[in-house]
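There are 2 protein chains.
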Amino acid sequence: MKQEITQQLTGSASIAFTKPVYVISCASVVGKKEGEGPLGNDFDLICEDPMFGSDTWEAAESTMQKEAAALSIGKAGLAPSDIRMAFAGDLLAQTSASSFGIAGMGIPFYGLFGACSTMGESLSLAAMSVAAGYGDHILCATSSHFASAEKEFRFPLGYGNQRPLSATWTVTGSGACVIGNKPPSEKIPGKTAPLLVKNGCVKVTGITTGKLVDYGLKDSLNMGACMAPAACDTIYQNLCDFDRKPSDYDRILTGDLGVVGKRILLDLLNEKGIGIEKQHQDCGLLIYDGETQDTHSGGSGCGCAAAVLAAYILPRIASGEWKRILFVPTGALLSKTSFNEGEPIPGIAHGVVLEHMEV
Amino acid sequence: MKQEITQQLTGSASIAFTKPVYVISCASVVGKKEGEGPLGNDFDLICEDPMFGSDTWEAAESTMQKEAAALSIGKAGLAPSDIRMAFAGDLLAQTSASSFGIAGMGIPFYGLFGACSTMGESLSLAAMSVAAGYGDHILCATSSHFASAEKEFRFPLGYGNQRPLSATWTVTGSGACVIGNKPPSEKIPGKTAPLLVKNGCVKVTGITTGKLVDYGLKDSLNMGACMAPAACDTIYQNLCDFDRKPSDYDRILTGDLGVVGKRILLDLLNEKGIGIEKQHQDCGLLIYDGETQDTHSGGSGCGCAAAVLAAYILPRIASGEWKRILFVPTGALLSKTSFNEGEPIPGIAHGVVLEHMEV
Chain L
77 MKQEITQQLT GSASIAFTKP VYVISCASVV GKKEGEGPLG NDFDLICEDP MFGSDTWEAA
137 ESTMQKEAAA LSIGKAGLAP SDIRMAFAGD LLAQTSASSF GIAGMGIPFY GLFGACSTMG
197 ESLSLAAMSV AAGYGDHILC ATSSHFASAE KEFRFPLGYG NQRPLSATWT VTGSGACVIG
257 NKPPSEKIPG KTAPLLVKNG CVKVTGITTG KLVDYGLKDS LNMGACMAPA ACDTIYQNLC
317 DFDRKPSDYD RILTGDLGVV GKRILLDLLN EKGIGIEKQH QDCGLLIYDG ETQDTHSGGS
377 GCGCAAAVLA AYILPRIASG EWKRILFVPT GALLSKTSFN EGEPIPGIAH GVVLEHMEV
Chain G
77 MKQEITQQLT GSASIAFTKP VYVISCASVV GKKEGEGPLG NDFDLICEDP MFGSDTWEAA
137 ESTMQKEAAA LSIGKAGLAP SDIRMAFAGD LLAQTSASSF GIAGMGIPFY GLFGACSTMG
197 ESLSLAAMSV AAGYGDHILC ATSSHFASAE KEFRFPLGYG NQRPLSATWT VTGSGACVIG
257 NKPPSEKIPG KTAPLLVKNG CVKVTGITTG KLVDYGLKDS LNMGACMAPA ACDTIYQNLC
317 DFDRKPSDYD RILTGDLGVV GKRILLDLLN EKGIGIEKQH QDCGLLIYDG ETQDTHSGGS
377 GCGCAAAVLA AYILPRIASG EWKRILFVPT GALLSKTSFN EGEPIPGIAH GVVLEHMEV
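Keeping their order, the protein sequence lines are chains L and G. Take 77 as the starting number for the first sequence in the working numbering and just add one per residue. Take 77 as the starting number for the second sequence in the working numbering and just add one per residue.
Wrong hints could be hidden among the right ones.
Said to hold, decoys possible - Once the Cα atoms are required to be at most 16 Å apart in a straight line, the calculated EDC-like pairs of lysine to aspartate or glutamate come out as:
no., chain 1, residue 1, chain 2, residue 2
1, G, Lys227, L, Glu417
2, G, Lys258, G, Glu417
3, L, Lys354, L, Asp343
4, L, Lys227, G, Glu417
5, G, Lys279, G, Asp326
6, G, Lys399, G, Glu431
The hints are simulated quantities; they were obtained by calculation from the structure and are not laboratory data. Because the structure is a prediction, the values reported are computed rather than measured.
The task is simple: from the sequences and hints, build the whole structure.
As structure tokens, this is what we get:
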């Protein structure tokens, strides 16, 4: 199969896709707490059992991730064998949730690690691959699980340790998308559910690749502060590279900055003379009710941005409620080893431009 | 900058690049033990200090990785600001060697995890990006460090634990390459050292993306056995997708199967009626002298395939001693958590076709 494509390199860290890249389908799977939150009705699947029928927290996360991927592939009316390659990652050491999750689906697989920015990295590489003609259908997915993340980064749940108000709550959730080079279509009416609202769909029109930004912060219970400078850098870079104003986007959605990180992001951008107060939303603030759910600064984790993207963001773009948005998942690059050795917590954020299109 | 490209999708998991993709430069940095091995004279830098002047094993690995990247960029006559994006990863939890290594160089960064197959993943994504016109110069690199890996996956070095003969020795080393869309050229004669032997250089002409292969093996001290089935799958897929015989390659080089894994790979391929005895070499068997260096089954780690690629493989292709080779780094997807929870150790291997070209 031969395919002609044209790329436009924009500025110093962005790519504008001149060949169409579509989000064919998307799916989200979350846990009980997320299901009780403001987006409860928007998720495809809410599992009451935090173990997702498995024996360990890690296996639970892998099961949830595979379920989200299978749902997304099914909604597109495809089989795993129709997927040319998959880009996936998670927060666990050696991304084991993905190694024992999506990697096991028999799809040519590229494992990623971008901490909580991984959905942005996954979407970026999938869109780059589709636009370049490397595949008709490419899968991207990420996941996180509150219990596997607490075990990986903090304390055994049994300790019931205190959490400061700056701490975020790792989302138990997974989001997956199938990216393709043709607009979504109802393969089997009634049986499939591509990302199509009336005649509206979602195009990936550009990306801005994140750079590591390190302000020397070391508090793993204030990840929002660690990631905000990276979100600022990527948003600013995106506006410069594409020569846009914040008002050129209906929304600018960060991944999991939470209350603290959001405030810092807005301040940092204001220092550059840029106001995104009107456009900005944070997936970590959308997924939980901060008043009643005791999640302190908000939600976090790879699964936060991914599940909110699939459940809340993409449908609003497809429907035309939003014409163009900038999706900016944010990651805090730490491990318990680097943290315990006194290293700072650098941040990275990957930007993806998503636009409404009538088919 | 606009660019026209044409891709050829080959078979079910491979891509043949019809636009030229060149290895502009490469560099390797290793530790004392690797410097004492058969390839000692081929490495760019051998550091006698296992700490690489740092305070921790992890920081040592990050320092070594940054050094390899800086050397490679410098040999190409470029500055980090000339690099459009970087693809890098390592074995540590949350790929922290890369987060505190190459990610800190201010280059738009995509973090990867493919265990010891990461150099294949990194080269594949860099070549895909260059061929698609996403950048003129893209960096790929990986690293591993014996001490940081033993700490991450096995026992504190102080224990002096026994190692079975099937165990491999994690290479303290890093390899980096700059991939570009124009042949390498002497930017500043005498000052730069691009990958150019007389008029010969190296092209990346194709890739085969690996799938996870799980035979249910659980012995983390016999990684060769865990990875051999994946190497078999990728090599077989590559030969089918490109319609080639083993003799169409001057060499088929796996990453770190070692003595045990090599034997299993040859047996598995023989069962499929394919003999690669004449072409096969393993980076893990090339880097140490098994007789005198007490490395048991051979070398392993992300840095093994990467350092041997930069020091031994690429120069032989550039010189024309080898016209076409298949580079197949192999990864064992385990974490200490999944291992301790009794999960198997699946393998994955990514194939990259490298060819000699006269400029």
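- Task: Hints the structure violates: just list their numbers, smallest first.
- Result: 2
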